[in-house]
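Q: As you go down the protein sequences, you meet chains X and A in turn.
The opening residue of the first sequence carries number -16 in the numbering used here; numbering runs sequentially from there.
The opening residue of the second sequence carries number 280 in the numbering used here; numbering runs sequentially from there.
Read the hints as simulated data drawn from the structure, not as lab findings.
For clarity, every value in this text was computed on a predicted model and none was experimentally measured.
Glycine residues also receive a C-beta, built at the ideal position from the N, C-alpha and C atoms.
Just to be clear, a hint being listed does not mean it is correct.
To be verified - Pairwise CB distance ranges, derived in the manner of DEER restraints:
| hint | chain 1 | residue 1 | chain 2 | residue 2 | range |
| --- | --- | --- | --- | --- | --- |
| 1 | X | Leu50 | A | Tyr436 | 39 to 47 Å |
| 2 | A | Thr448 | X | Gly16 | 38 to 46 Å |
| 3 | X | Val102 | A | Gly490 | 35 to 43 Å |
| 4 | X | Leu30 | A | Asn522 | 53 to 61 Å |
| 5 | A | Asn522 | X | Tyr22 | 54 to 62 Å |
Said to hold, decoys possible - Heads up, simulated EDC-like pairs for lysine to aspartate or glutamate below, C-alpha to C-alpha not over 20 Å straight-line:
| hint | chain 1 | residue 1 | chain 2 | residue 2 |
| --- | --- | --- | --- | --- |
| 6 | A | Lys545 | X | Glu57 |
| 7 | A | Lys562 | X | Asp78 |
| 8 | A | Lys517 | A | Glu443 |
Said to hold, decoys possible - Computed footprint of chain A on chain X, listed as stretches where at least three residues anywhere in the stretch have a Cβ under 8 Å from a Cβ of chain A:
| hint | region |
| --- | --- |
| 9 | 2 to 13 |
| 10 | 64 to 78 |
| 11 | 83 to 97 |
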Amino acid sequence: MSQSYDRGLIEDFGRWQEFSAGMWAWIFHKFTGWVLIGYLFTHIAVLSTATVDGATYTQTLQGLESLLLVRFLEVGLLAVAAFHILNGIRLLFVDLGVGLEAQDKAFYAALITTAAITVASIPTFLMGAF
Amino acid sequence: MSTQIQEQETETETETEQTSEHQTRRLAEKRERADMRERAEADLSDADEIVRLKIFRYDPEVEGKKDPRFDTFEVPFGKGMTVLDALIYARDHFDSSLTFRHSCRQAICGSDALFVNGRQQLGCKTQLSDLEWPVRIEPLPHAEVVKDLVVDMEHFYDQMEAVEPYFQTNELPKGELEEQRQTRENREKVKMSTRCIWCSACMSSCNIAAGDNKYLGPAAINKAYRFAMDEREGEDMKEHRLNIIEQEHGVWRCQTQFSCTVVCPKDIPLTEHIQELKREAVKSNLKFW
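Can you make the complete structure from the sequences, with help from the hints?
A: See the structure below:
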C-alpha cells in the first residue's frame, strides 16, 4: 500500500439524518447534561443573593420572573431536566442489562413523556407573563 | 509533455520486442471486454428494471483518479439481486478497475462490509429491493481508503489481536485424551458472540472508536466476552481477560449508543455483551471489607 485516503469526519454529523435511536439518545443526553451544568452556575448565583438579605433575594427573583425570556427559558429548562432524568433511568436499565432490545422504544417513550410534561407545564410557567 | 513522448517510445519498443503471442492475447482480451459491454447493453435493454449505483472511486496510484469521486453505473436488476451481485456485474461489464473485497458471497467470510446508503452492511447480505434507489456505495467510514471500496483493516485486526482471541486455559482435564467438555448452558451463553465474522462493520459504526484509536471496539470486546464467559478457561484466565478489558481504553469507553448492535450483520447483541463485561469488571473489583 503506497498511500491511502482518510475521509476525515465527513461521516459523522453530516449524516445526522441516518442516526439511530441510540445515537440520538446519546446526543440529547450529552446536550441536556451540559445545559444542566450551565444552569447550576446561574442557580447558585441567584441563590447566593439570599446571603445578603431576604429582601434582595425576593427582589432578584421578582426581577427575573418579570422578564418574558426567563419564563420561556424555564419551560426549556424543565424539558431539558425531564429528558435527562427519563433517559437517565433508561441508561440505568441499559447498565443493568435489563430490556436492551427495547432501548429504542424506551428512548421514544422518554421523548413523548418529556413533551407531555413540557406542554402541561406551560400554563404554570407562563401564567401572568403576557 | 516530455513524459508523454517518452511513454510513446517505450510502448513502441516493447511492441516490437514482444512476440505476437502477447499481442494476440491482448487483442483477445479487448474483444472479450467489448463483448461484455455489448452483452450488458442487451441486458439493459431487456431488463424490466435498472438499478443505478453511485460508487465511491479513489485510486492514489493513477493520476487523475487521486481526487475521490462518485461514478454512476446502471445495472439490470433481477429478483434476489444483492448489492454485491450488482457490484460484480458493474466490474465485469463496465469497469474492470472497480475494486472491492469479496469472497464467499454468503455472509460468512466478512470481506464485503460496505457503507450502503449511509449504513454499514454486508454487500452480499443486502437485497437491492430493500434499499432506496439510486444506491450509494462507499467504503467503510472511519477507516483509511486504500482504493475504491477497499479500506485498510490493519488497525481493526490489531485491536482483535489485543484481546487474545483464542482459547487458553490452565485447567486441563486429568486424563491424557480426555475432552474439554462445555455445558449446554454455557454454550448457549456464548453462542451469539461466536458468530463474529470480523467484518469490522461495528467498529466502523462506533462513534467512540472513531475518536479514540486505542479503544478496543465492539468486535474485540465481543471476542473477549466469548472467552471470558467460557467456563472451561477457568477462574485465573477469566481474571486475566478482565484485566485486559477493564483498562482505560477497554469496556469503559463504550457509551451505549447501540450503533454497533444496529449494524451487526450477524445480529450479535454487542452492547449487551459490553455491558455484561462492565458488570463483571465491577464485580471482580468490589470488596466488602
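Q: Taking the hints in turn, state whether each one holds.
A: Outcome of the hint check:
1. X:Leu50 / A:Tyr436: 39 to 47 Å: Violated, since X:Leu50 and A:Tyr436 (Cβ atoms, about 59 Å apart) do not stay within the stated range.
2. A:Thr448 / X:Gly16: 38 to 46 Å: 43 Å, holds
3. X:Val102 / A:Gly490: 35 to 43 Å: Given range 35 to 43 Å: holds, Cβ gap about 36 Å.
4. X:Leu30 / A:Asn522: 53 to 61 Å: At roughly 46 Å between Cβ atoms, A:Asn522 and X:Leu30 fall outside 53 to 61 Å, so the hint is violated.
5. A:Asn522 / X:Tyr22: 54 to 62 Å: 40 Å, violated
6. A:Lys545 / X:Glu57: 46 Å, violated
7. A:Lys562 / X:Asp78: Roughly 13 Å separates the two Cα atoms, so the pair holds.
8. A:Lys517 / A:Glu443: The hint holds at about 12 Å.
9. 2 to 13: holds (count 6)
10. 64 to 78: holds (count 3)
11. 83 to 97: As far as the region 83 to 97 of chain X goes, the hint holds, because 4 residues have Cβ atoms under 8 Å from chain A.
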